[in-house]
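A.B. asks: Use these hints to put chain B onto chain A, whose structure you have.
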Amino acid sequence: MDVSASGTRIADYLREHQDKVIGRWTELVVAGGRGRTTADEVRRELADLFSLIVRVLSRADDHAAGELRAALDELSRSRARDGFSPSETALGVFTLKEAVYELVADATDLMPEFLVLSQLVDGLGLRTFEAYSAAREEIIADQSTAMLELSTPVVRLWEGIIAVPLVGTLDSARAQLVMEKLLETVVATGADHAVIDITGVPTVDTEVAQHLLKTVSAARLLGAECTISGIRPQVAQTIVSLGIEFGDIATKATLADALGLALRQAGLKVVPSNPLHSPPSARD
Amino acid sequence: METVPILKIGLTLFVSIQIDLQDESVIQLQEDLANELAVTGARGVLIDITGVEIVDSFIGRMLSTIGSISRLFDAETVIVGMRPAVAITLTELGLSLSGVRTALNAEKGLKILNGKSRPDG
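Protein sequence lines correspond, in order, to chains A and B. By our numbering, the letter at position 20 of the first sequence is numbered 20, and the numbering carries on one by one without gaps. By our numbering, the letter at position 110 of the second sequence is numbered 110, and the numbering carries on one by one without gaps.
Bound-form chain A, shown alone (with noise of 0.2 Å):
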């Protein structure tokens, strides 16, 4: 088989037939986008796409081929944006066949040459698909770096004295982001006096223990004593059991604990503003 050739002549013949093919292909897409897009819509589209196509079978220029990748990862992105699935996206491509072999089905001398267009329009729809993946993972991607700047906040309790609730599973990457905005913090606000709060961790393990006492360890050098708070009674039975050892770092089971112990080495005293009514029961 000639691949060239049948393709100039499958191409010349698409040319021919033009408006019919694109016509029941844009027919063909609309009816599967189930009311997504309008027609008109999808006609230009396919008509640009068609003339694409036309070209690349024809050889007529280099840039064809560049072009219609071009224009397949544009529509692949729209889509995806649209809310189309891959498969939906993917069959639109492939519907071309529909529409081209109706008009040649009783032409056999055709064959070669809708073969060629066949197998085109094939890896056609998989380049939409892969497309597709790439920018899927791409969103992923930003989601994730988002995810992770949300969830370090660090907050200010008192004068000179700030706080890091951590919620979610502390891995190297997120440890590495809490010290780095701890010290900045620290830097900014001046605090003397950090609470890194761990309620919210389901897992400390020997890791982030590692994690925990590198971050205090830095805030220390800046001048910023840190008390590690939210530990539960579960967690205190793993972290003894690992053998981990937290030092000269105080370590306290609430945010409040902890508060009071910041407030105390600060030369604070929280004293009723009513003497006459008692206080409730401060522990330590």
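Keep in mind the hints are simulated off the structure, nothing from the lab. Be aware that a few hints might be false.
[Claimed, not checked] Calculated cross-link-like contacts (lysine-lysine; reagent style DSBU-like; alpha-carbon spacing at most 35 Å):
{"no.": "1", "chain 1": "A", "residue 1": "K214", "chain 2": "A", "residue 2": "K181"}
{"no.": "2", "chain 1": "A", "residue 1": "K269", "chain 2": "B", "residue 2": "K111"}
{"no.": "3", "chain 1": "A", "residue 1": "K181", "chain 2": "B", "residue 2": "K108"}
{"no.": "4", "chain 1": "B", "residue 1": "K8", "chain 2": "B", "residue 2": "K111"}
{"no.": "5", "chain 1": "B", "residue 1": "K111", "chain 2": "A", "residue 2": "K214"}
{"no.": "6", "chain 1": "B", "residue 1": "K108", "chain 2": "A", "residue 2": "K214"}
{"no.": "7", "chain 1": "A", "residue 1": "K269", "chain 2": "A", "residue 2": "K214"}
{"no.": "8", "chain 1": "B", "residue 1": "K108", "chain 2": "A", "residue 2": "K269"}
C.D. replies: Same frame as chain A, but now just chain B:
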């Protein structure tokens, strides 16, 4: 070779590191500090490293050495102005800077040296 100036205010010696420290400058600084401590009887040394962008084990050793020298003269050393990136690097390198205290800025550093810092609870 550039020398690092040492300023004396009251019983405290101030050193602000503004240059890239080479071996010679470091040795000179240590010598100069020892001399000043001996002559003035200063009780505190405040070293400002705000201008130091990169701290490696070489600088880390220098700071520890200065701490040791000061202690021999019964003086306390406080390092101030450490940048977050530097703190992270020192922690990663496992340099604990033993023998010296650290504070966020010169004001807090002075409070420590003048004994007005709050005791640890």
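A.B. asks: Does each hint hold? Answer for all of them.
C.D. replies: These are the hints, each one checked on the structure:
1. A:K214 with A:K181: Measuring from Cα to Cα gives roughly 14 Å; hence the hint holds.
2. A:K269 with B:K111: holds (21 Å)
3. A:K181 with B:K108: holds (21 Å)
4. B:K8 with B:K111: holds (16 Å)
5. B:K111 with A:K214: Between K111 (chain B) and K214 (chain A) the Cα gap is close to 26 Å, so the pair holds against 35 Å.
6. B:K108 with A:K214: holds (23 Å)
7. A:K269 with A:K214: Holds. K269 (chain A) to K214 (chain A) sits at ~30 Å (cutoff 35 Å).
8. B:K108 with A:K269: holds (22 Å)
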